[in-house]
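Visitor: These are the residues of each chain, in order.
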Amino acid sequence: MITLNHYLFVSGALFALGLAGVVVRRNILVIYMCLEMMLSSANLALVAFSRFHLTDGLPDYSAQALVFFTITVAAAEVAVGLAIIVAVYRAKNSIDVESVTKMQG
Amino acid sequence: MSSPLFYIFAAITLLFGAMVIASKNPVTSALSLAVSFVGLAALFVSLDAYFIGTIQVLVYAGAVMVLFLFIIMLLDIKAAEKLKPNYAAVAAAVLLFVVLIMQVAAVLTGFEAGRKSTTDAQLRPQQALVAMGDKALPTIANDLKAGQLPDTKLMGLQLYHKYGFHLQMVGLLLLVGTVGVVVLSKKENSPKGGRE
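Protein chains in written order, with numbering that gives the first Met the number 0: chain A, 0 to 104; chain B, 0 to 195.
Bear in mind the hints are in silico, worked out from the structure with no lab data behind them. Remember, it's a predicted structure, so these values are computed and weren't measured experimentally. You may find that some hints are simply not true.
Unchecked claim - As a list, the in silico EDC-like pairs of lysine to aspartate or glutamate whose alpha-carbon atoms are at most 16 Å apart: (1) B:LYS152 / A:GLU76; (2) B:LYS23 / A:ASP95; (3) B:LYS161 / A:ASP95; (4) A:LYS91 / B:ASP47; (5) B:LYS134 / A:ASP95; (6) B:LYS144 / A:ASP59; (7) B:LYS186 / B:ASP142; (8) B:LYS152 / B:ASP75; (9) B:LYS144 / B:ASP133; (10) B:LYS152 / B:ASP142.
To be verified - Sample of chain B residues with no beta-carbon within 10 Å of chain A, all distances over it, derived: (11) ASP47; (12) ALA62; (13) PRO84; (14) ARG123; (15) LEU136; (16) THR138.
Said to hold, decoys possible - Chain A stretches covered by chain B per the calculated footprint, using a threshold of three residues with CB under 8 Å from any CB of chain B: (17) 19 to 28; (18) 74 to 85.
The beta-carbon is built from N, C-alpha and C at its ideal position, and this holds for glycine as well.
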């Protein structure tokens, strides 16, 4: 039988994977993908809590509205972040994080 | 949702998530992440969140991942990851992963409210219909009467009634994001007039 804890564990594991990826990878793009993964894992926890917190026999839609806003903000963030990555690539000709250890252009 | 499906989609989500980190080629990473997001969307659907599942596929697996692939192709990264992996970072990442997983497991074993399964917490459209009374919109009331969950309609009601202001703010955020991207990706005009 699938319980709330199952979903929360998947969510936690996905977050841990994303965090490990951010630490271990040096490609900015892949680090960015791992950040997206962590955001999505939070969404999974929210939707799971929404489904198991019934109000009058329906899921709690406030949580799902929050997930909707998270997805929107994440999409805007990806657009801006990728533009920054392209700008960094133009300046340094590399997308390795170790090429941008100095703030000075 | 029956348990084999849950385990299949959870495995897809986590295994392809691991592939994102493990693969050398960023294109493989991006495609793995897209598959991982589709698995996650299936988990959303299993939680009766059909709208969020659809949005997950459309926005994340569709738009965002295409944007990632577009940038990867645009930058044409070839010899990016020729360097040997930093073993200290790998050790730190594995340690972080294990500690975090153990912590989540430890918290969840003591979490009584998490023992509820989907059969314990069944959706009750009839009860919702009674609770809403006359205030329910006809389209929602009809679906509830038929014993269905009008997921997208309830979501729309929530977004446009309760969170209408927030929705407009998010629209403004998207506008600001668009302007920011245009400013960031604009090429600086060099004084010689030559193209960079």
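Visitor: Over 10 Å from every CB of chain A: does PRO84 of chain B meet that, or does the non-interface label fail?
Guide: violated (7 Å)
Visitor: For a C-alpha distance cap of 16 Å, please report whether LYS91 of chain A and ASP47 of chain B respect it.
Guide: This hinted pair is violated, its Cα atoms lying about 47 Å apart.
Visitor: Taken at face value, is the distance from the CA of ASP95 of chain A to the CA of LYS23 of chain B at most 16 Å?
Guide: holds (13 Å)
Visitor: Given the hint that LYS144 of chain B pairs with ASP59 of chain A, does the C-alpha gap stay at or below 16 Å?
Guide: violated (19 Å)
Visitor: Would you mind confirming whether the straight-line C-alpha gap from LYS152 of chain B to ASP75 of chain B stays at or under 16 Å?
Guide: Roughly 43 Å separates the two Cα atoms, so the pair is violated.
Visitor: Is the Cα-Cα distance between LYS152 of chain B and ASP142 of chain B 16 Å or less?
Guide: With Cα atoms ~10 Å apart, LYS152 of chain B and ASP142 of chain B stay inside 16 Å; holds.
Visitor: Between LYS144 of chain B and ASP133 of chain B, does the CA-CA distance stay at or below 16 Å?
Guide: Given pair LYS144 of chain B, ASP133 of chain B holds - Cα atoms ~13 Å apart, limit 16 Å.
Visitor: Is the listed coverage of the segment 74 to 85 of chain A by chain B valid when you require three or more residues with a beta carbon under 8 Å from a beta carbon of that chain?
Guide: Answer holds; 11 residues pass the 8 Å Cβ test.
Visitor: Would you assess whether ARG123 of chain B, listed as outside the interface, keeps its beta-carbon beyond 10 Å of every beta-carbon in chain A?
Guide: For ARG123 of chain B, whose nearest Cβ neighbour in chain A is about 3 Å away, the distance does not exceed 10 Å, so it is violated.
Visitor: Would the least Cβ to Cβ distance between THR138 of chain B and chain A come out above 10 Å?
Guide: holds (15 Å)
Visitor: Please verify whether LYS152 of chain B and GLU76 of chain A have alpha carbons no more than 16 Å apart.
Guide: Since the Cα atoms of LYS152 of chain B and GLU76 of chain A sit roughly 27 Å apart, the hinted pair is violated (cutoff 16 Å).
Visitor: Would the hint linking LYS161 of chain B and ASP95 of chain A be met if the CA-CA limit is 16 Å?
Guide: This hinted pair is violated, its Cα atoms lying about 44 Å apart.
In this structure, the earlier hints numbered 1, 3, 4, 5, 6, 7, 8, 11, 12, 13 and 14 are contradicted, and the remaining ones agree with it.
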